[in-house]
Amino acid sequence: MEPQKMFIGGKWTEGSEKKIGLELGGKSPNIIFADADIDAAVEWAMIGIFFNQGEVCAAGSRIIIEESAHDEFVRRLKEKAERMTIGNPLENPDIGPVITQKDMEKVLSYIKSGIDEGALADTQKGLVAEFEIQEAE
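For the sequence shown, the positions run 0 to 136 when numbering that gives the first Met the number 0 is used.
In short, the hints are calculated from the structure, not lab data. Hints are supplied without guarantee of correctness; some may be wrong.
Calculated cross-link-like contacts (lysine-lysine; reagent style PhoX-like; alpha-carbon spacing at most 25 Å) [stated by the list, open to error]:
{"hint": "1", "residue 1": "111", "residue 2": "77"}
{"hint": "2", "residue 1": "101", "residue 2": "111"}
{"hint": "3", "residue 1": "77", "residue 2": "105"}
{"hint": "4", "residue 1": "111", "residue 2": "79"}
DEER-style ranges, computed between Cβ atoms [claimed, not checked]:
{"hint": "5", "residue 1": "86", "residue 2": "56", "range": "20 to 28 Å"}
{"hint": "6", "residue 1": "57", "residue 2": "99", "range": "16 to 24 Å"}
{"hint": "7", "residue 1": "110", "residue 2": "27", "range": "14 to 22 Å"}
{"hint": "8", "residue 1": "105", "residue 2": "33", "range": "28 to 36 Å"}
{"hint": "9", "residue 1": "67", "residue 2": "92", "range": "31 to 39 Å"}
{"hint": "10", "residue 1": "1", "residue 2": "38", "range": "36 to 44 Å"}
In this text the structure is predicted, and so the values were computed from the model without any measurement. Where a beta carbon is used, it is the ideal one built from N, C-alpha and C, also for glycine.
Make a model of the complete structure from these sequences and hints.
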């Protein structure tokens, strides 16, 4: 269904020729600026995406990051993700399995879609939960 109305408030663009990009996908992006505390940003990004195996409507499933902070942020995020324990929820892991076969298939379809669109998947450990998707150039 097409939106019937869109409203953008504020005067900050009045008289400006600046381009505006709106993130309207409802996928709760984490926005990281170069002057951010990278350790805190990584910690909160990890909580945002991995809380309840990421099966939360507000899961921070995307990260929008200022280019100059990209490499350091990704390095630290990857290091932290690689230290996570994955397993049976009764054994107190950092992350457990997704809730259903259907959800697993959905996750796998998203990974395939990303790869089909040119993203890289780091599958060194061979577990879906340890995939890392990188943006396509």
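Legend entry - Violated hints - listed by number, lowest first: The structure breaks none of the hints.
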